[in-house]
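All chains should be built: construct the whole structure from the sequences, respecting the hints.
So the protein lines, in turn, are chains H and F. Under the working numbering, the first sequence is numbered contiguously, ending at residue 254. Under the working numbering, the second sequence is numbered contiguously, ending at residue 254.
Misleading hints may appear alongside valid ones.
Stated by the list, open to error - Calculated lysine-lysine pairs in the BS3-like style (CA-CA distance at most 25 angstroms, straight line):
| # | chain 1 | residue 1 | chain 2 | residue 2 |
| --- | --- | --- | --- | --- |
| 1 | F | K186 | H | K247 |
| 2 | H | K186 | F | K247 |
| 3 | H | K186 | H | K247 |
| 4 | F | K186 | F | K247 |
Said to hold, decoys possible - These stretches of chain F come out as covered by chain H in the derived footprint (C-beta under 8 angstroms, 3 or more residues):
| # | segment |
| --- | --- |
| 5 | 194-202 |
| 6 | 213-219 |
| 7 | 222-230 |
| 8 | 234-247 |
In short, the hints are calculated from the structure, not lab data. Predicted model, so just to flag it, every value in this text is computed and none were measured. No residue lacks a Cβ here, since even glycine has one placed at the ideal position from N, Cα and C.
Number of protein chains: 2
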Amino acid sequence: MYVILAYDVAVERNGRVLKTARRYLTWVQNSLLEGELSPAQLRRLQHELERAIDPQSDSVQIYVLPQASAARRVCLGVVKNEPSQFV
Amino acid sequence: MYVILAYDVAVERNGRVLKTARRYLTWVQNSLLEGELSPAQLRRLQHELERAIDPQSDSVQIYVLPQASAARRVCLGVVKNEPSQFV
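Have a look at this one:
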């Protein structure tokens, strides 16, 4: 599965959420990561993120695609980091 | 086409980029918008965003899916705004 993750969390939790997500996914730009995950890895990532955020005020959106090619990607401006998956 | 847009732009351009994107897409959380667009609408949005950003330092990632159902969405924490597309 290909995963796109975007987070909107309070500054004091930003570091922990980013550190957690980076153990599974590739950083693309601020608050956005991507990568190939197995269902088990996704479940573990979700579980760790749920412990890292404040569910009353933080928000994490995870988009799960069957494979990277299910989405066409358009980049405007500078590419801060290029995950290898997209052709 | 279903579009997911994430932006990472300097603070001074944040307002203009958000205002531009909101004319086409639904705000989901900070720096993230989604919505159904025709190819012509996507081209216009791209063109307007290219005029709003600094291509040397700002970054906009646009993921284009054939339809919303091409991605499964997982939300952790609070849902700041719920685009109607995802079941």
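A quick look at each hint next to the structure:
This hinted pair checks out: K186 of chain F and K247 of chain H have alpha carbons roughly 23 angstroms apart, not beyond 25 angstroms. A C-alpha spacing of about 23 angstroms is found between K186 of chain H and K247 of chain F, which places the hinted pair at or below 25 angstroms, so the restraint holds. Using a Cα cut-off of 25 angstroms, the hinted pair K186 of chain H and K247 of chain H holds, with the two alpha carbons roughly 17 angstroms apart. Distance check on the hinted pair: K186 of chain F and K247 of chain F sit about 17 angstroms apart at the alpha-carbon level, within 25 angstroms; holds.
Residues of the segment 194-202 of chain F lying with their CB closer than 8 angstroms to a CB of chain H number 5, which satisfies the three-residue condition for coverage. Three residues within the 8 angstroms Cβ limit are the bar, and the segment 213-219 of chain F against chain H gives 3, so the coverage statement holds. With 9 residues bearing a CB less than 8 angstroms from a CB of chain H, the segment 222-230 of chain F meets the requirement of three and the coverage assertion stands. Here the segment 234-247 of chain F counts 11 residues with a CB under 8 angstroms from a CB of chain H, which clears the bar of 3, and the coverage holds.
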